[in-house]
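Peer 1: Okay, here's what each chain looks like letter by letter:
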Amino acid sequence: MADLVNLTIDGKPVQAPPGTLVIDAAKRAGIEVPAFCYYEGLSLQAACRMCLVEVEKMPKLMTSCTLPVAEGMVVRTETPTVAAARKSMLEFLLANHPLDCPVCDKGGECELQDMTFRYGAGESRFSENKVHKPEKQWSPVVFYDMPRCILCYRCVRICNEGMGVNALGIVNRGVVSEIAPNKQDHLECDECGMCIDICPVGALTSGAYRYHTRPWEMEHVGTICAHCADGCKTTLGVRNNQIIRGNNRDRSGINDEFLCVKGRYAFDFYNHPERLQSPLLKVDGKLEPVSWSQAIETVAKKFQQVREAGGKFAVVGSNHTSNEEDFYLQKFGRQVLGTGNIDHHRTGDVPALLDALSGKTGKLAVSADLYQRKAVLVVGADLALEHPFLSFQIRANYRHHQAHVYVVTPRPVREDAVAAVSLRDACADVFGPLESLRAKLAAEPELVIVFGDVVKGEAVRRLVDFGESLGIPVKYVALVDYSNSRGAVDMGLLPDAGGLALPEMLAAGDLDAFWVVGANPLKAGELRSRSAFVVVQDMFLTETARAADVVLPAACAYEKNGTVTNVCGEVQKLKKALGTMGTKPDLEIIGLIAREMGAAPVMGPWTAEKVFDEIRRSVRGYDIPVPVVAAGGAAQTMPVNGRIPLDGRPDLIRSARDSLFTSGTLGRYSKVLNSVVESRNNR
Amino acid sequence: MLYNEPSPHEVKVLTRRFGLENSASLDTYLATDGFKAFKKALEMTPEQIIEEVKISNLRGRGGAGFPAGLKWSFVPRNSPKPKYIVVNADESEPGTCKDRLLMENDPHQLIEGVLIAGLAVDAHAGYIYIRGEYRYLIEIMDRAIAEAYSCGYLGKNILGSNFHFDLYTHTGAGAYECGEESALLESLEGKRGVPRIRPPFPAVVGAFQCPTVLNNVETYCAVPAIIRDGGAAFAALGVPKAGGTKLTCLSGHINKPGVYELPLGFPVMKMIEEVGGGIRGGKKLKAFIPGGSSCPVLTAEECQDLTMDYDAMARKKTMLGSGGVVIMDEDTCMVRAALRIMRFYAHESCGWCIPCREGTTWIRKLLQRFHDGMGQRSDIALIGDLAKNMFGRTFCPLGDAAAMPTMSIVEKFYHEFEDHLDGKPCPYEKARQLVMA
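The listed protein sequences derive, respectively, from chains W and U.
Residue 453 in this note's numbering sits at position 223 of the first sequence, and the numbers go up by one each step.
Residue 170 in this note's numbering sits at position 14 of the second sequence, and the numbers go up by one each step.
Please note that a few of the clues may not be correct.
[Unchecked claim] For each label pair, taking beta carbons as the anchor points, the in silico distance ranges come out as:
1. ASP528(U) / ALA313(W): 32 to 40 Å
2. GLY302(W) / PHE222(U): 24 to 32 Å
3. ASP528(U) / VAL401(W): 28 to 36 Å
4. GLU308(W) / ALA389(U): 35 to 43 Å
5. LYS366(W) / TYR159(U): 42 to 50 Å
6. GLU308(W) / TYR324(U): 46 to 54 Å
[Claimed, not checked] Taking lysine to any residue pairs in the SDA-like style, the calculated list, with each CA pair at most 25 Å apart, reads:
7. LYS290(W) / LYS544(U)
8. LYS168(U) / LEU462(U)
9. LYS544(U) / VAL406(W)
10. LYS287(W) / VAL235(W)
11. LYS257(W) / PRO355(U)
12. LYS347(U) / SER407(W)
13. LYS544(U) / THR296(W)
14. LYS168(U) / LYS195(U)
15. LYS287(W) / LYS473(U)
16. LYS544(U) / VAL235(W)
17. LYS287(W) / PRO355(U)
These are computed hints drawn from the structure, not numbers from a lab.
Virtual Cβ for every residue (Gly too), placed ideally from N, Cα, C.
In isolation and in its complexed conformation, chain U is listed as follows:
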């Protein structure tokens, strides 16, 4: 099902089947160009498939934005080991809710994307790692996979092509950390979900010590369109160096929260005003999280003339991330926002490395005390200092993800911390309803 009205600004590529009757069924999928791309890919060489993906400028949709075609090309073609395709459906970044829609409404698109990736790197088995909280999606995916098997789109000798491929779903157990690719692989192998030392990267040593392509759901879902209509057509939808569309999840103090497929490079203010219908209650924008809670927070001023693409965000020292946009209006208490974010990371830190394990909890405790009105002026610097000490020194990006929003909030909203000093009650208490993941 769909949870919001579509917007006229949307460019529907990945979501084109959303809203169709029985959109999750194989019949609907086949009736709407389904598996056309796969059939086309069967005629192509692996090099051609990877080249097409490179041309499309498709960048990883999980958050890091690494070029997908390049990632695929790292898989050692002549390795005697089996290769695997792994789908990261452990969508846990606060503010992000797009992968669930893709799987719920169009599971066969994902299956087709996985199959094409399998062709590209000569893999014959794939795993969809779905977060445990998405239990209903596991059923949907399993049903779709069973359907694909029964119609010969999975299994042995697919479409008489001598290509065989097996696809499985695998459940996470409720750890944000398992969305990190190497921790996901550990968890997939049945171990404790802690990240691995890299290098080697999964492309070379991944699942079960074998070469593995590991991408986000949305990334795989873009692949059928790229192969079907050509990489250049997909690239043209976006901006240079970042092709195609991005599913953007609008949440927070906005009139029309939801998931919208917008071309990369869409202006931020236009997105808030026209796609999202403006700030709730006609309030003013205070802060903006562009791509999930791990991104440094932007102020309203910084959002003017800003566009939703990887490079533009990087210029503002933040990230497009996973597309989980969070809008905070003028009534938001930023100390509370920082606390809410840090509470999440302290809860989700896997405990593997020292700075993240200790830092997140310590900062959470500090912010809690501060927000409770027992903060001292020196605490403000301490919070920023601790975040800085975490940043760039942790084992995996979780520590950075926790540090970046904190550092940006302390830097950009310093005065709000000052407003909490000397036992003053939180001046923004009326905006308690901060809608965050």
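Chain W on its own, in the form it takes in the complex:
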């Protein structure tokens, strides 16, 4: 490329695009310049002065984090002057630092520790009293220890710029400056914990993690968050078969380092005291613990009886189980039980979108598109609450690429702050406001349209027609609710033509067997077929499980391998982090029932890998590259050719509209989510 800038760093010739900062250019050349306050993607501070380097013809040391590369620039990062400067900065930093590493959560993964170890200042020349302030708790999950704080302002910036929440600031000045929360003594924010994660030292610590372990005592398992549909990778710290924390410091996965409160803390449902750890069988109207073999035998026998008697089955699948389990379940329902009465709680009209786009390529957006495309249109969804990661992507896009954001929602949303145009569709007809945006949207070079469950059925086709009539490349995202809502649709947890949909199942009086896997349809509804044999696979004794004849305790998403598909159709791998005694993954449970019924030859082996192979062969759009998924990457499903069978029931599509602190049934069993909500209610 002709427009690269040539410079020399430590004698190495380096090329970098104009505008690159010296610190980044050095990093790309394999030269590390230490820094605390510099953080890729956030605004520049030049506050920590660690990244000072020598630049020829400059009288003073320069901060490489604010210095753009220039033609012919000669930079030296390892001279005695630079080394002395780094050492003195660390000495200054440690002057008021409590040096309580032995009890600090950050010990072992602390940037200040690492830098002190590497760049010196191991001995203190400081003999006066240090500035001390007691530790403060700002929320159930955020603690602040002022003396440890080095004031790099990363937390302030990630909260303000990254999250758009602006909950942190600075009070006082000079040596007693400190970070302060937005409500004097406490925080009112997303509780996302990004500030804790980004803190280079132990100043901000997590209420869920503090004093639990040392970092090196954990195993780190990168898996996919079990909550919303965005599919963030969360790296679980596991010790002694317990999840101690979740974060994504290794920046793997589509979400880079982003996680919301659910991804970071709400893994704790797995060891809730009410977790089922033994199969239950209804004896004299009461659920009694039984052995797995007895439970499986009972279910298999009953299923067989109903099948042989030509009875009526109904199968309800989950928004949370893996693709493999969904596939296996519907296959079992269709091929072994011989029923087309299969459904799940539908949260977004993905089939209508796939159908409207069938035959077209490059129309389905991935999550990265929200960060990269020049314009984004959000229709009828409060992304900051329902899809925090997509919201984060859009904000980052606005910040880094000045993307144009258009918002058409019923209520004010956080995206308004970065929006070029925000429209309120009071009458729930989005096409009026959309038409008024037509000229502006058509003038954009490209667009991503993200729409919620207000656009469903015919409206999806209308929206696609609108998008395609703009004359610019447009990509689409149909929002769905939960970690594998998209997969449930793709795997076919939908009724056959003539099959019963979920409300009809509940309303039918003549069901002989009702099988619910990881769902809670009886939370708000009632099963009319009182005599039906009800089998429920779940983690907890939900409303539905209480009505069951057999309850089979299921493993959660963190306790199994498999794949899930996120809201953008990106398939990612679940990795087993731990096991809970007495539970089995749904795939295994279904497999055991199949074996007991003698249906194993039809169903095939129940390992996640084998089922995934079958999915790749038989599910449309899922012929995705295995190595990408196997290596922890995200592979987007392919666009579909030909029509998608639609059952014309957009009325069944209903998003649960979970907030940041709720997550369907799962959220009810998360201590952290509950404590956050509680602390807010108690204010």
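Given chain W's structure and the hints, the job is docking chain U onto it.
Peer 2: Chain U only, in chain W's frame:
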């Protein structure tokens, strides 16, 4: 009002109306050549105005001494954004008390200077950022601005010229840091007063992200005289490369402390002896701060044959600064002086960057312990070392301002530190009354 008798050595250009009856009123101002320069400037092109300022060799009076005409010429003329004039009246440098007199006694001179700067860079709004402690001056300035509005010297269509200009005062909240130009702009915009990353400089990206001319009060006050009498006449008052006069604030152990307008290049010893009436009580000079407490301190020997101008001071490795001269006599304890200075900077450090935030406080603590008689020999080197580690590595010049006097005192008055060793009582205790800002 005036606080000291004028000296016959003064060359009164900026202070020519000081002492006149009602000198702050527009009537007095108009009766004494007021707004003549502005009327003349209306006939000139912006290039001519800037050229005239360049010819005058006017250098920034806030402390850094950057050529004013050059600074103005950096403003991108063809920028579609509005441009602003900002007056730095956050006079907080210890030892400096000149801007307050200029505003108190001749506010219209400042207004006229601002208007001419507005003409030069096509700005139509200006802000006077006045330190919070100068509350009474805000009233004086507001009154003068209101007067100027009512007589058509501010507002729309000034003097029928189609030039419009709005001027506002803005209060600081008591932070020395806000005298640093970019922190001042942050504070002006209603944010926390911390400095900005530069470049870009305010001339390109200043107040509200728009091109901004930002100068000290005294700098703007010199502009009417430059335009009225010509840049060459102003330049001729001073020395080559630094034109005009400088308001010099004499304080410390001197018989006649006060603010005197002296031509640049005035001999230091003559200033002390003849303008300031000599050292109080006939004592000997020990140390000399030429331009506010941020400047490296000079010894009595260094002051011989020294003149008050930018280049001469630079040759002695110190600065003319803001003109805040502090005289210290032979009874002064230099450790205590260093402590007093560092106490100020530790209190005023904004906390933004590490070396200044931690360094100032650490050195203050060390000096305090040392002065209390609990110092060790190694502490002397440590104090100097810490100051050196701060110097040139901080985000803004506050760190340098704290480091320079410390380094110079440790270097030049090393023996006084030694005198405090081994629990000896301070040998200079009788001179406790060090008069510093």
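Peer 1: Hint by hint, where does the structure go against what was stated? Just the numbers, ascending.
Peer 2: Result: hints 4 and 16 break, sorted rising.
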